[in-house]
Amino acid sequence: MKNKILFSLAVLFFIFCFVVLFKGLKNSNIYIPNTLSKKTLINFESKDLYSETTILSDQIFVGNDYYILNIWASWCLPCRDEHPILMKLRKNSSIKLIGLNYRDDPNNAKKFIDKFGNPYSMIITDQNGIISIELGAYGIPETFIINKNKKIIKKFIGALNQKSLKEIKLILK
Amino acid sequence: MKLLKNFVLFFIILNFVQITSAENNVELKNKISKNIRCLICQGQSVYDSQSDFAISIKLVIEKKLDEGLNENEIYEFLKNQYGQWITYDPEFNKNTFILWTLPILLFFIGGAIILRKLIV
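From first to last, the protein sequence lines are chains A and B. When you number the first sequence by the working numbering, it's gap-free, plus one each residue, and the end is 270. When you number the second sequence by the working numbering, it's gap-free, plus one each residue, and the end is 110.
With the rest of the complex left out, here is chain A (with noise of 0.2 Å):
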């Protein structure tokens, strides 16, 4: 009878073990961040591109009910392609669209701005990548929604799409 008992309760183990790793398998690989946490907005001290002003987040993410901060480089290729996404959210008037240019060598970063365009109010430096990673960057291009209490309140990891465009835009609303 204690065979018994014994023999069942390590089949049930077995079983549940089975289950469990089983059901991990099915889990993706590939580190899934958060993109909805909504954490606030780190204090920090950057340059701005064009006339190396050092210029402090107070003082940028001020009077407006929305903020787009944008990390790109000229040498990063989704950036390209996202691009012209940018352009458009350039229209709205409600928000500041914030270019945070990511270990780029500035006179590239300008001329890729003068061929595809200036979508940004402001472009900001991140030399080093410090202030992309206390921002809880990955990658770039990465863009964050700011809203008016400095709070992050989307993620987009990658590049922007129409997707992506429908979705900034229902959150403007």
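Please keep in mind that the hints were generated in silico from the structure rather than gathered at the bench. Careful, some of the hints might be misleading.
[Said to hold, decoys possible] Under the rule of at most 30 Å between Cα atoms (straight-line distance), these lysine-lysine pairs were calculated in the DSS-like manner:
1. B:LYS54 to A:LYS135
2. B:LYS84 to A:LYS136
3. A:LYS248 to B:LYS53
4. B:LYS107 to A:LYS99
5. A:LYS248 to B:LYS54
6. A:LYS135 to B:LYS69
7. B:LYS84 to A:LYS248
8. B:LYS53 to A:LYS252
9. A:LYS144 to B:LYS69
10. A:LYS144 to B:LYS19
11. B:LYS54 to A:LYS245
12. A:LYS136 to B:LYS24
13. A:LYS193 to B:LYS69
14. A:LYS123 to B:LYS69
15. A:LYS251 to B:LYS53
16. A:LYS136 to B:LYS69
17. A:LYS247 to B:LYS54
18. A:LYS123 to B:LYS24
19. B:LYS53 to A:LYS247
20. A:LYS252 to B:LYS54
21. A:LYS193 to A:LYS251
22. A:LYS136 to B:LYS54
23. B:LYS84 to A:LYS251
24. A:LYS207 to B:LYS53
[To be verified] Label-pair restraints from in silico Cβ distances:
25. A:ASN258 to B:ASN62: 34 to 44 Å
26. A:LYS123 to B:ASP79: 20 to 30 Å
27. B:ILE88 to A:ASN100: 26 to 36 Å
28. B:LYS21 to A:ASN100: 42 to 52 Å
29. A:ASN100 to B:LEU95: 16 to 26 Å
The beta carbon of each residue, even a glycine, is placed where N, CA and C say it ideally should be.
We have chain A; now place chain B onto it with these hints.
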């Protein structure tokens, strides 16, 4: 002459303290970066990776150490920005309780079986 000797001695001690402190910071930076996962790499720590993400994380660790944050505060900062997954040391929570409790459970079950065999 004595004043000069004292000055030289003070200068040497000061340099030694600075060098030791810098070495400690480098060691701590390496230790922390070994415990941080490179989120965009396949199975590499930030210490091992040369990706832009890892290089920037290393710079952030260095900056935070210079600001006077300790090891745990740096882990907390990174967990706050990137979630629990960034560290190689999973916390005990509803997603990891099997990971933490199963080995202990198996240890006790095994121990009980061995003990039973020994007694019988």
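Results of checking the hints against the structure:
1. B:LYS54 to A:LYS135: This hinted pair holds, its Cα atoms lying about 23 Å apart.
2. B:LYS84 to A:LYS136: holds (23 Å)
3. A:LYS248 to B:LYS53: holds (24 Å)
4. B:LYS107 to A:LYS99: Holds. LYS107 (chain B) to LYS99 (chain A) sits at ~14 Å (cutoff 30 Å).
5. A:LYS248 to B:LYS54: Holds, at roughly 23 Å.
6. A:LYS135 to B:LYS69: Holds, at roughly 15 Å.
7. B:LYS84 to A:LYS248: At roughly 27 Å apart (the allowed maximum being 30 Å), LYS248 (chain A) and LYS84 (chain B) satisfy the hint.
8. B:LYS53 to A:LYS252: holds (25 Å)
9. A:LYS144 to B:LYS69: Within the cut-off at roughly 27 Å; holds.
10. A:LYS144 to B:LYS19: holds (27 Å)
11. B:LYS54 to A:LYS245: holds (28 Å)
12. A:LYS136 to B:LYS24: holds (26 Å)
13. A:LYS193 to B:LYS69: Holds, at roughly 29 Å.
14. A:LYS123 to B:LYS69: Holds, at roughly 25 Å.
15. A:LYS251 to B:LYS53: holds (27 Å)
16. A:LYS136 to B:LYS69: Judged against 30 Å, a Cα distance of about 12 Å means the pair holds.
17. A:LYS247 to B:LYS54: holds (22 Å)
18. A:LYS123 to B:LYS24: With Cα atoms ~29 Å apart, LYS123 (chain A) and LYS24 (chain B) stay inside 30 Å; holds.
19. B:LYS53 to A:LYS247: holds (23 Å)
20. A:LYS252 to B:LYS54: holds (24 Å)
21. A:LYS193 to A:LYS251: Holds, at about 15 Å.
22. A:LYS136 to B:LYS54: holds (19 Å)
23. B:LYS84 to A:LYS251: Within the cut-off at roughly 26 Å; holds.
24. A:LYS207 to B:LYS53: holds (28 Å)
25. A:ASN258 to B:ASN62: 34 to 44 Å: holds (40 Å)
26. A:LYS123 to B:ASP79: 20 to 30 Å: With a Cβ separation near 26 Å, LYS123 (chain A) and ASP79 (chain B) satisfy 20 to 30 Å, so the hint holds.
27. B:ILE88 to A:ASN100: 26 to 36 Å: holds (27 Å)
28. B:LYS21 to A:ASN100: 42 to 52 Å: At roughly 50 Å between Cβ atoms, ASN100 (chain A) and LYS21 (chain B) fall inside 42 to 52 Å, so the hint holds.
29. A:ASN100 to B:LEU95: 16 to 26 Å: Taking Cβ atoms as reference, ASN100 (chain A) and LEU95 (chain B) lie about 21 Å apart, which means the hint holds.
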